[in-house]
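Asks: Full structure from sequences and hints, please.
For the sequence shown, counting from 1, position 135 maps to 290 in the working numbering; every step adds exactly one.
Read the hints as simulated data drawn from the structure, not as lab findings. Cβ coordinates follow ideal geometry from the N, Cα and C atoms, glycine included. Do not rely on the hints blindly, as some may be mistaken.
What the hints assert, rightly or not - Within a straight-line C-alpha distance of at most 30 Å, the following computed DSSO-like cross-link-like pairs (lysine-lysine) qualify:
| hint | residue 1 | residue 2 |
| --- | --- | --- |
| 1 | 292 | 278 |
| 2 | 186 | 225 |
| 3 | 225 | 159 |
| 4 | 284 | 225 |
| 5 | 256 | 186 |
| 6 | 225 | 165 |
| 7 | 159 | 192 |
| 8 | 292 | 159 |
| 9 | 192 | 252 |
| 10 | 186 | 278 |
| 11 | 278 | 256 |
| 12 | 165 | 252 |
| 13 | 186 | 159 |
| 14 | 252 | 159 |
| 15 | 252 | 225 |
Said to hold, decoys possible - Across the chosen pairs, the derived CB separations fall in these ranges:
| hint | residue 1 | residue 2 | range |
| --- | --- | --- | --- |
| 16 | 224 | 286 | 16 to 24 Å |
| 17 | 168 | 252 | 16 to 24 Å |
| 18 | 196 | 167 | 17 to 25 Å |
| 19 | 309 | 284 | 14 to 22 Å |
| 20 | 244 | 208 | 33 to 41 Å |
| 21 | 297 | 179 | 31 to 39 Å |
| 22 | 246 | 208 | 25 to 33 Å |
| 23 | 286 | 263 | 14 to 22 Å |
| 24 | 181 | 277 | 29 to 37 Å |
| 25 | 277 | 309 | 32 to 40 Å |
| 26 | 182 | 246 | 30 to 38 Å |
| 27 | 206 | 167 | 14 to 22 Å |
| 28 | 168 | 224 | 43 to 51 Å |
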Amino acid sequence: MAMKAVCVLKGAGDTSGTVYFEQENESAPVKLTGEIKGLTPGEHGFHVHAFGDNTNGCISAGPHYNPHNKTHAGPTDADRHVGDLGNVTAGADNIAKIDIKDSMLTLTGPYSIIGRTMVIHEKADDLGKGGNEESLKTGNAGGRLACGVIGITQ
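Replies: Have a look at this one:
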């Protein structure tokens, strides 16, 4: 039976959106769809962060979700944080349409992303190729524009 989840992104500014997650079975990739509004045109880092805590805004979500203690990388790299989803691209209309399939994410089991936080960042993620220490942690994606906790849905 397919598992489904949803995340409503909100931030201090105008950035907001909804991301839907679907996984056909526990070994299938997770499909992410949705849109994020209020972004500047261009690429923005898009990650699952460790904690489902937004008490102090998006900063409370902690670092990228990284249960296997890897360095930061891009979504197609074998060695990466589980939460590393790369970038989404906003058009001239300030909207990013999301259509991602990821085989490292899961909605079930001990490494489930349910209850963790999805974050959209201010800048492009350099996918760990920035040549400095911060690149290997955050991809130099900058501030957290909006976030929300990933929850189970029907």
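Asks: Decide, hint by hint, whether the structure agrees.
Replies: Here is how each hint holds up against the structure:
A distance of roughly 15 Å separates the Cα atoms of residue 292 and residue 278; the hinted pair therefore holds under the 30 Å criterion. Under the criterion of a C-alpha separation no larger than 30 Å, the hint pairing residue 186 with residue 225 is consistent with the structure, at around 23 Å. A distance of roughly 27 Å separates the Cα atoms of residue 225 and residue 159; the hinted pair therefore holds under the 30 Å criterion. Between residue 284 and residue 225, the direct Cα distance comes to roughly 14 Å. Compliance with the 30 Å bound is thereby established for this hinted pair.
Taking the CA atoms of residue 256 and residue 186, the gap is about 4 Å. The hint holds against a cut of 30 Å. For the suggested pair residue 225 and residue 165, the alpha carbons sit about 28 Å apart, so the restraint of at most 30 Å is met. For a cut-off of 30 Å, the pair hint linking residue 159 to residue 192 stands: about 22 Å separates their Cα positions. For the given pair, residue 292 sits about 29 Å from residue 159 by alpha-carbon distance, which is consistent with the 30 Å threshold.
Restraint check for residue 192 and residue 252: satisfied, since their Cα atoms lie roughly 9 Å apart, inside the 30 Å limit. As the CA atoms of residue 186 and residue 278 are separated by approximately 23 Å, the hinted pair is consistent with the 30 Å bound. The straight-line distance between the Cα atoms of residue 278 and residue 256 is roughly 22 Å, inside the 30 Å bound, and the hint therefore holds. For the given pair, residue 165 sits about 16 Å from residue 252 by alpha-carbon distance, which is consistent with the 30 Å threshold.
Restraint check for residue 186 and residue 159: the C-alpha separation of about 10 Å stays at or below 30 Å, so the hint holds. Proposed proximity of residue 252 and residue 159 is supported: the alpha carbons are some 19 Å apart, at most 30 Å. About 28 Å separates the Cα atoms of residue 252 and residue 225, which keeps this hinted pair within 30 Å; it holds. Separated by about 21 Å at the C-beta atoms, residue 224 and residue 286 satisfy the suggested range of 16 to 24 Å.
One distance hint, 16 to 24 Å for the beta-carbon pair residue 168 and residue 252, holds here, with the actual separation near 20 Å. With their beta carbons about 20 Å apart, residue 196 and residue 167 fall inside the hinted range of 17 to 25 Å. For residue 309 and residue 284, the Cβ-Cβ distance of about 40 Å falls outside the hinted range of 14 to 22 Å, so the restraint is violated. The hinted range of 33 to 41 Å is not satisfied by residue 244 and residue 208, whose Cβ atoms lie roughly 28 Å apart.
Under the hint 31 to 39 Å, the C-beta atoms of residue 297 and residue 179, about 34 Å apart, fit the expected range. Between residue 246 and residue 208 the beta carbon distance is about 32 Å. The supplied range of 25 to 33 Å therefore holds. In this structure, residue 286 and residue 263 break the distance hint of 14 to 22 Å, their C-beta atoms being roughly 37 Å apart. Between residue 181 and residue 277 the beta carbons are some 34 Å apart, a value that agrees with the proposed interval 29 to 37 Å.
The hinted range of 32 to 40 Å is satisfied by residue 277 and residue 309, whose Cβ atoms lie roughly 33 Å apart. Range check, residue 182 to residue 246: about 34 Å between beta-carbon atoms, so the 30 to 38 Å window is met. Between residue 206 and residue 167 the beta carbon distance is about 18 Å. The supplied range of 14 to 22 Å therefore holds. Separated by about 33 Å at the C-beta atoms, residue 168 and residue 224 break the suggested range of 43 to 51 Å.
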